[in-house]
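For reference, the chains in residue letters:
Number of protein chains: 2
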Amino acid sequence: MQSDYLHGYSERESIRLADQANCLSELLHHDSIFPENSIILEAGCGVGAQTKIVAPKNPKSKFISIDISEESLKEAKSSIQYLGIHNVEFQAGDIFKMNFPDEYFDHILVCFVLEHLPKPLDALKSLKRVLKRSGTITLIEGDHGSAYFYPTSNYAQKAIHCQVQLQKSHGGNALIGRELYPLLVKAGFSHCAVLPRMVYVDSSKPDLVEGFTRNTFTAMIEGVREKAISGSLIDEAIFDKGIQDLYRSSESDGVFCYTFFKGIGYNT
Amino acid sequence: MQSDYLHGYSERESIRLADQANCLSELLHHDSIFPENSIILEAGCGVGAQTKIVAPKNPKSKFISIDISEESLKEAKSSIQYLGIHNVEFQAGDIFKMNFPDEYFDHILVCFVLEHLPKPLDALKSLKRVLKRSGTITLIEGDHGSAYFYPTSNYAQKAIHCQVQLQKSHGGNALIGRELYPLLVKAGFSHCAVLPRMVYVDSSKPDLVEGFTRNTFTAMIEGVREKAISGSLIDEAIFDKGIQDLYRSSESDGVFCYTFFKGIGYNT
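In the order they appear, the protein sequences are chains Y and B. Here our numbering is used: the first residue of the first sequence is 8, the next is one more, and so on. Here our numbering is used: the first residue of the second sequence is 8, the next is one more, and so on.
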């Protein structure tokens with residue numbers, strides 16, 4: 008099994024995902040707490056970057072974490088084992104073809120997955136089948152259209168737009184964060200609520216400057232350089248100026264803003 | 008005295024400002040609480056849209072609210088009188104040429120003013136002179152580059168950009184929210200902190216759909232239609248499609264996002 012994950016499966020990408028997860032864990036997951044003794048499906052766990060944050064927060068619940076990539080699962084398992092986390096079971100699986108019985112899980116968690124799927128609404132409908140009545144689904148996604156910074160830079164916006172276009176050409180949607188509410192409602196969930204989690208970074212927050220502006224967001228955009236240039240999406244000099252301007256926003260008088268969206272729906 | 012306020016001084020604009028203030032009062036001002044017995048300068052009070060929210064929250068403090076426009080002050084006075092608020096004194100005054108002695112005020116509040124000034128940094132330095140040692144300055148500004156919505160629309164972004172361009176041609180900066188932290192630091196304030204206040208609107212929040220997406224933000228952009236078209240900033244059909252798309256984001260499956268920035272600095 009192998010998927011077409013835009014960011015690739017390199018070691019550098021694993022480090023980037025770990026950086027992202029560490030510096031944002033409180034912002035995204037301080038309320039990722041499920042009732043004790045729940046059985047929770049984590050759909051699309053990847054290398055376990057979110058698993059290792061959320062599983063220890065819910066030690067009396069059991070996680071079944073699935074992913075389509077065997078390679079990612081291997082890394083996830085090894086990382087969870089290394090951390091001594093015992094309440095996670097990994098399984099290879101496709102969100103669209105799950106073998107679990109109907110209404111099997113108490114709760115479902117889906118982080119940074121829908122953005123990569125050509126049919127996110129169908130994914131939600133598929134997940135709804137395996138969710139118990141009165142169970143919840145929790146979605147977390149970013150939105151690259153929520154990125155803005157000081158000093159402003161059209162070059163940087165163009166470089167970011169390459170990432171949006173590339174993700175689109177892979178069938179994904181880098182602007183999906185803003186769409187979580189209508190997706191949840193259309194998939195048939197009720198009492199839906201979306202809570203934006205804005206990351207605001209200025210030089211009074213050096214950890215976020217380093218961990219988010221530089222090592223998470225800018226590194227991600229920098230990571231699509233070759234694909235963007237070879238795909239003729241952008242001129243090389245413009246892309247490089249854009250990256251330079253993103254790093255500029257991490258200087259002492261710079262500011263960087265980005266918003267993640269966390270959505271919750273009930274299966275009533 | 009008359010200033011060149013981009014949005015104009017019409018009755019409709021007063022209603023828009025009142026709508027904005029009412030539906031956002033908690034988000035922006037739940038923490039606009041000053042120590043008792045403070046003397047607070049509200050610089051650029053306009054028609055008193057923020058005054059009438061903040062003054063009643065601080066009944067044991069005294070506000071001196073200044074504005075450059077006599078016409079706005081007249082309306083502010085009448086509105087404050089009508090509401091029976093007694094702790095506000097209005098004065099005509101220019102932020103750059105204030106007659107107050109040095110270190111006169113305990114605290115200073117500046118809401119939606121810097122965005123209209125050609126030299127916001129000089130304004131902050133001028134205000135710093137009249138602020139007591141250990142006093143605070145509080146800034147609240149919007150940022151039109153923080154507006155995004157579902158469904159996405161390039162037409163709507165172009166219509167919003169007209170507002171940004173017009174404000175720039177009047178010497179202002181509609182993207183100033185993201186810049187509050189460096190401005191405070193450069194003006195010499197210390198222990199500066201900026202707290203973004205994001206407005207997230209989906210159809211589970213009908214009051215914000217009506218009060219913010221439609222009657223505050225879209226009405227504001229709609230309000231620059233004639234200037235944008237007569238100034239050849241945009242084709243009429245594109246502008247109108249942009250406004251239509253902004254209203255589209257207020258429908259049942261639409262989402263609208265905007266972020267205000269609240270910054271605080273100390274005069275140590």
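Do not take every clue at face value.
Any copy, or any two copies together, can satisfy a pair, since identical chains are not distinguished.
Claimed, not checked - With a cut-off of at most 27 angstroms between alpha-carbon atoms, the simulated DSSO-like pairs for lysine-lysine come out as follows:
1) Lys135 to Lys212
2) Lys175 to Lys104
3) Lys165 to Lys132
4) Lys132 to Lys234
5) Lys212 to Lys193
6) Lys84 to Lys212
7) Lys135 to Lys64
8) Lys175 to Lys67
9) Lys193 to Lys248
10) Lys212 to Lys132
11) Lys165 to Lys248
12) Lys104 to Lys132
13) Lys248 to Lys234
14) Lys165 to Lys64
Calculated from the structure, these hints are not laboratory results.
Checking Lys165 and Lys64: alpha-carbon separation at most 27 angstroms within a copy, between copies, both or neither? neither (39 angstroms within a copy, 45 angstroms between copies)
I want to check one pair: Lys175 and Lys104. Are their C-alpha atoms no more than 27 angstroms apart within a copy, between two copies, both, or neither? within (23 angstroms within a copy, 54 angstroms between copies)
Under a CA distance limit of 27 angstroms, which applies to Lys212 and Lys193: within one copy, between copies, both, or neither? between (39 angstroms within a copy, 17 angstroms between copies)
Is it within, between, both or neither when you check Lys135 against Lys212 at 27 angstroms Cα-Cα? Cα proximity of Lys135 and Lys212: across copies only (24 angstroms, versus 39 angstroms in one copy).
Can you give me the call for Lys132 and Lys234, within, between, both or neither, at a CA distance of at most 27 angstroms? neither (33 angstroms within a copy, 47 angstroms between copies)
If the cutoff is 27 angstroms on CA atoms, where do Lys165 and Lys248 land: within, between, both or neither? Let me know, please. both (10 angstroms within a copy, 24 angstroms between copies)
Status of Lys248 relative to Lys193 across identical chains (alpha carbons, at most 27 angstroms): Answer is between: at 26 angstroms across copies they meet the 27 angstroms cutoff, but 41 angstroms inside does not.
Intra- versus inter-copy proximity for Lys234 and Lys248 (alpha-carbon distance at most 27 angstroms): So Lys248 and Lys234 pass the 27 angstroms test inside one copy only (17 angstroms; across, 34 angstroms).
Evaluate Lys175 and Lys67 at a C-alpha cut-off of 27 angstroms and name the case that applies: within, between, both or neither. Answer is neither; intra-copy 39 angstroms and inter-copy 57 angstroms both fail.
When no copy is named, should Lys212 and Lys132 be tagged within, between, both, or neither for a Cα gap of at most 27 angstroms? between (40 angstroms within a copy, 24 angstroms between copies)
If the cut is 27 angstroms between Cα atoms, do Lys104 and Lys132 qualify within a copy, between copies, both or neither? For Lys104 and Lys132, the Cα distance is within 27 angstroms only inside one copy (12 angstroms; across copies 63 angstroms).
Up to 27 angstroms between alpha-carbons, please classify Lys84 paired with Lys212: within, between, both or neither. neither (33 angstroms within a copy, 41 angstroms between copies)
Of the numbered hints listed earlier, those contradicted by the structure are 3, 4, 6, 8, 14.
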